[in-house]
Amino acid sequence: MPENKNQQNKKLKAKRPPKELPPGPGERGNSRRSGEPIKEAVPASPPSAGFVHQFMPYLLFVLTLFIAACFVCVAAGVSGAVGVAGSILNDVFCGLLGWPAYFLPLVLLNLAVFWRQYVDMKLVGLKLSLSFLILLVTSALVHVVTINNAGRVGFNVIRLWRDGINLMGGGVLGGILGEICFSALGIVGSLIILSPLIAVLFMFLFGTTPRGIRLYIARLLRERAERRRLLAEAEDDVSENEDDEDADDLSAETDDTGKKKGRRAARERKKAKKEEQKRRRHEVLGHSDAAASVDAVFTEGHKTIIGDITSKVPQPDSAGMAVPAAGTESGTTPTEPEVKEGTEPKVDISEPVRSGGVSALTEQLEQDEDYNDLGELLNGKSDSAGQDAPEKEDGDKKEVDIKLNVSTEDISDLVSSEEEEPPAPAKQLTTYIFPPVDLLAPDTNPKEADYSEELRANAKKLMDTLSSFNVRIKEITYSRGPTITRYELKPDAGVRVRSIANLVDDIALSLATTGVRIEAPIPGKAAVGVEVPNKTQATVFLRTLIESKTFQETPSKLAVCLGQDVAGKPIFFNIDKMPHLLIAGATGMGKSVCFNSIIVSILYKARPDEVKLILVDPKKVEFNVYKDMPHLYVPVVSDPKKAAGVLATAVAEMERRFEMIEDLNVRDITNYNRIAENDPELMPMPRIVIIIDELADLMMTAPDDVETCICRLAQKARAAGIHLIIGTQRPSVDVITGLIKANIPSRIAFTVASQIDSRTIIDMAGAEKLIGRGDMLFSPVGAAKPIRVQGAYVSELEVENIVDYVKAHNSGAQYDHEFLKRVEEEAAKCGNKKGSKPVDVEDLSGEEFDPKLRDAIELAIETGKISTSLMQRRLEVGYGRAAKIIDQMEKLGYVSAPDGNKPRRVLITKEQFMEKLINNDL
-6 MPENKNQQNK
4 KLKAKRPPKE
14 LPPGPGERGN
24 SRRSGEPIKE
34 AVPASPPSAG
44 FVHQFMPYLL
54 FVLTLFIAAC
64 FVCVAAGVSG
74 AVGVAGSILN
84 DVFCGLLGWP
94 AYFLPLVLLN
104 LAVFWRQYVD
114 MKLVGLKLSL
124 SFLILLVTSA
134 LVHVVTINNA
144 GRVGFNVIRL
154 WRDGINLMGG
164 GVLGGILGEI
174 CFSALGIVGS
184 LIILSPLIAV
194 LFMFLFGTTP
204 RGIRLYIARL
214 LRERAERRRL
224 LAEAEDDVSE
234 NEDDEDADDL
244 SAETDDTGKK
254 KGRRAARERK
264 KAKKEEQKRR
274 RHEVLGHSDA
284 AASVDAVFTE
294 GHKTIIGDIT
304 SKVPQPDSAG
314 MAVPAAGTES
324 GTTPTEPEVK
334 EGTEPKVDIS
344 EPVRSGGVSA
354 LTEQLEQDED
364 YNDLGELLNG
374 KSDSAGQDAP
384 EKEDGDKKEV
394 DIKLNVSTED
404 ISDLVSSEEE
414 EPPAPAKQLT
424 TYIFPPVDLL
434 APDTNPKEAD
444 YSEELRANAK
454 KLMDTLSSFN
464 VRIKEITYSR
474 GPTITRYELK
484 PDAGVRVRSI
494 ANLVDDIALS
504 LATTGVRIEA
514 PIPGKAAVGV
524 EVPNKTQATV
534 FLRTLIESKT
544 FQETPSKLAV
554 CLGQDVAGKP
564 IFFNIDKMPH
574 LLIAGATGMG
584 KSVCFNSIIV
594 SILYKARPDE
604 VKLILVDPKK
614 VEFNVYKDMP
624 HLYVPVVSDP
634 KKAAGVLATA
644 VAEMERRFEM
654 IEDLNVRDIT
664 NYNRIAENDP
674 ELMPMPRIVI
684 IIDELADLMM
694 TAPDDVETCI
704 CRLAQKARAA
714 GIHLIIGTQR
724 PSVDVITGLI
734 KANIPSRIAF
744 TVASQIDSRT
754 IIDMAGAEKL
764 IGRGDMLFSP
774 VGAAKPIRVQ
784 GAYVSELEVE
794 NIVDYVKAHN
804 SGAQYDHEFL
814 KRVEEEAAKC
824 GNKKGSKPVD
834 VEDLSGEEFD
844 PKLRDAIELA
854 IETGKISTSL
864 MQRRLEVGYG
874 RAAKIIDQME
884 KLGYVSAPDG
894 NKPRRVLITK
904 EQFMEKLINN
914 DL
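Everything in the sequence shown is counted per my numbering, starting at -6 for the first residue and increasing by one.
For the record, the hints were derived by calculation from the structure and aren't laboratory data. Keep in mind that the hints are not guaranteed to be accurate.
[To be verified] The following label-pair restraints were derived from C-beta to C-beta distances:
1. Ser492 x Glu793: 48 to 56 Å
2. Lys115 x Ile173: 28 to 36 Å
3. Arg649 x Leu126: 50 to 58 Å
4. Ala69 x Leu126: 23 to 31 Å
5. Lys542 x Ala68: 51 to 59 Å
6. Gly118 x Leu58: 22 to 30 Å
[To be verified] Below, a list of computed lysine to aspartate or glutamate pairs in the EDC-like style, where the Cα atoms sit at most 16 Å apart:
7. Lys620 x Glu789
8. Lys778 x Asp558
9. Lys453 x Asp499
10. Lys483 x Asp457
11. Lys550 x Asp499
12. Lys467 x Glu481
13. Lys483 x Glu512
14. Lys454 x Asp498
15. Lys570 x Asp661
16. Lys634 x Asp690
17. Lys734 x Asp756
18. Lys454 x Glu481
19. Lys778 x Glu512
20. Lys709 x Asp661
Idealized CB from N, CA, C, for every residue including glycine.
Turn these sequences into a full structure, and let the hints guide you.
Have a look at this one:
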């Protein structure tokens, strides 16, 4: 989605908008009793998502073709081509409506095209009624005209039926209504009533109103007057320049009156300029006619502007999940000035032609409540038109031909100035159809399972174990979650909390389980929590969270479904409040599923013009499914050097956004977008979420560049609408450095191998006690202690189905080409700075590789094996040098480790060697 970034910096408003409270991720529900299922208000899927409504447009289309064929074949005298059914249908429709029944296929075609939209908006009944009324009133009008020509028939149904079949009246239905109108109103009154009624019914059928038509005509007239004024200014400036040239020519002729060649040259020059002016005048008029030929329908409640065409997509009921956003299709039609002959306006052309003037004028017209007199526009009394033909001050009545003293390029720039300086982009946003929740797997967990026996048995064992160590407990309560149960112990007075925390291994032994974790004390409670894994574990399905009322009602576009806590309450978070997130854990513990949950939540919550994603996937397999998705800001990045370039470019984008925010005198992107929605020269900026799947690989490629960019983004990018989500499976201090930890306050820790790794992530032990499979410790910004959460599960098949649906029902990815170009430039710089060299270019000890290394690799590939004795003979080097070269080849992964007396195996192919040779990696 490339945007004109220079255009947005013009004429920025300095008024600071009122401060509003930022949206939160949603309130949590009240605690429920253990074992009770979560009862959430589940909104229904859109009505059109059902099979019947998906099949209905095709059925209507086939029916349209068949009925049209019936009418054509019967009228042509070949009724046998459509059989008995076709003849009966023709007689029925014509007998009821007369020859206006021939419009029935058009009515059915309209229903076939817009059926699903009508169903979503609950307008099917209304549209069917309007369509039937149009046919009925048209038949009545035809019958009234027939009465006037052939005489009255009365209410003879059989006669009306026969006349309808013979296409001589309005059929039975139209005939009865026509007879009533004729009896009550007469021929003139019937025509006056029925004709406008048909027009009004048509307007309401297609969403057009008389006011919309009036404003559309008014806009065309204002645009025409604006074009005349702009061209008049251009001609006035050219006329002034022509007078200056004439004066120069006359002075030259006066100085040299004896030279006829000078006068002849001046006349020829003047004649050539006249012809050139006429030719260019016709070109300008041609441009104006082409611009004026644009046709669009202006609809009440919608905006359709010449040069800025907006169409409203029907929206389904808000209760459904798949709510298509109101979309627009915007185009830019340059407004050309028009030549008006015989006029000499005196307007200074030094003022540049303002881009987008017509669109701005149109919006002003629509917002002016006092502007209701269409007659003034039709009579040509507009203010702009009044400047078309001012009188000459010198009183000279002689018509002066306009001569242009500018080049063709200058005239082209003047006439098509709006092509080179396009108007501010439309504020209406691109159409986006949200994926339905039916693409996600439903909750299959048992709803009425009874775990009371297991809970009581564990509570008794827990009491007995603590009593054996003289730890007195006065009360035990529990909260059962999907995978763990937390037993809340209230110790007697005088019992030390540490004495309970030190018994974690004994409690695990007593309960015959692993993964027991003690939270002492529970934040906000006078109790100690003992978290014990459930024997029967449940899965938290992402669909359950997305269908929840909390997620649906959250206004933030960056709301994310995370999972359920130990009490079974759904957990959501707002990326805007994090504002950056670090996710770490061992392989296979749920990081990839967590990333998928975050991305899928954004797909269900935000349009591509509201949130853009930058996906960095050094593994090259995790984010492959999201390729060409509409929400992508750039293609999925898998090259580590380009990933470092993406981060550097994101820093530059952050600085550019800050300059634009500063020009508006506001503090963040939220206030900027609020102003941009009402400013025709500003385009709202989408929020950007950068998701990095594996930070360790980037830190090995360009550690200095990556760390610096991450720190700068983490420190400042929140106000600019840029957020980081970083994942790694190696939570060591050389990957998650102190600077990165200090600037990313929100973290998620999955199961890790040791307390050291847990402290590296969340600054405390506990992650090593998790049980895996999505079990995590979530530490949002400002939290005193991490929250234990069971992550939501979404399968790879579900993700593929959702992404395929989004790509099939929406436009493809629109990448920012300026951003991509900058990424290439920054990626080229990576590796050139000190400390940024990849491991396979320089020895780990800092030594340079042996000059004979390339020859040794060629020898190994040629012979299929390598040994010190072979290198001594073929490369003529000593034993020590040959051994050192082999060690270097082993470090680079080109040969295998030693295997006794056997030669080392060669691990690099000839093709790989040639590729490295071309890329100067050797």
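Within a Cα-Cα threshold of 16 Å, do Lys454 and Asp498 meet the stated pairing?
holds (14 Å)
Next pair to validate is Lys454 with Glu481; report whether the Cα-Cα distance is within 16 Å.
Holds: Lys454 and Glu481 sit about 14 Å apart, inside 16 Å.
Look at the Cβ atoms of Lys542 and Ala68 and judge whether their distance stays inside 51 to 59 Å.
holds (58 Å)
Taking the Cβ atom of Gly118 and the Cβ atom of Leu58, is their distance within the range 22 to 30 Å?
holds (25 Å)
Please work out if Lys634 and Asp690 have their alpha carbons no farther apart than 16 Å.
holds (10 Å)
What's the verdict on Lys778 and Glu512, does the C-alpha distance respect the 16 Å limit or exceed it?
Since the Cα atoms of Lys778 and Glu512 sit roughly 9 Å apart, the hinted pair holds (cutoff 16 Å).
Against the 16 Å threshold, does the CA-CA distance of Lys467 and Glu481 hold or violate the hint?
Given pair Lys467, Glu481 holds - Cα atoms ~11 Å apart, limit 16 Å.
Pair hint outcome, Lys483 versus Glu512 [Cα-Cα no greater than 16 Å]:
Cα-Cα ~13 Å, so holds.
Taking only the CA atoms, is the gap from Lys778 to Asp558 under or equal to 16 Å?
It holds: about 14 Å lies between the C-alpha atoms, which stays within 16 Å.
If you check the beta carbons of Ala69 and Leu126, does the distance land in 23 to 31 Å?
holds (30 Å)
Measure nothing beyond the straight line between the CA atoms of Lys734 and Asp756; if it is 16 Å or shorter, mark the hint as holding.
Holds - the C-alpha atoms of Asp756 and Lys734 are around 10 Å apart, at most 16 Å.
Are Arg649 and Leu126 spaced within 50 to 58 Å by their CB atoms?
holds (56 Å)
Violation of the numbered hints given earlier is confined to hint 11; every other hint is satisfied by the structure.
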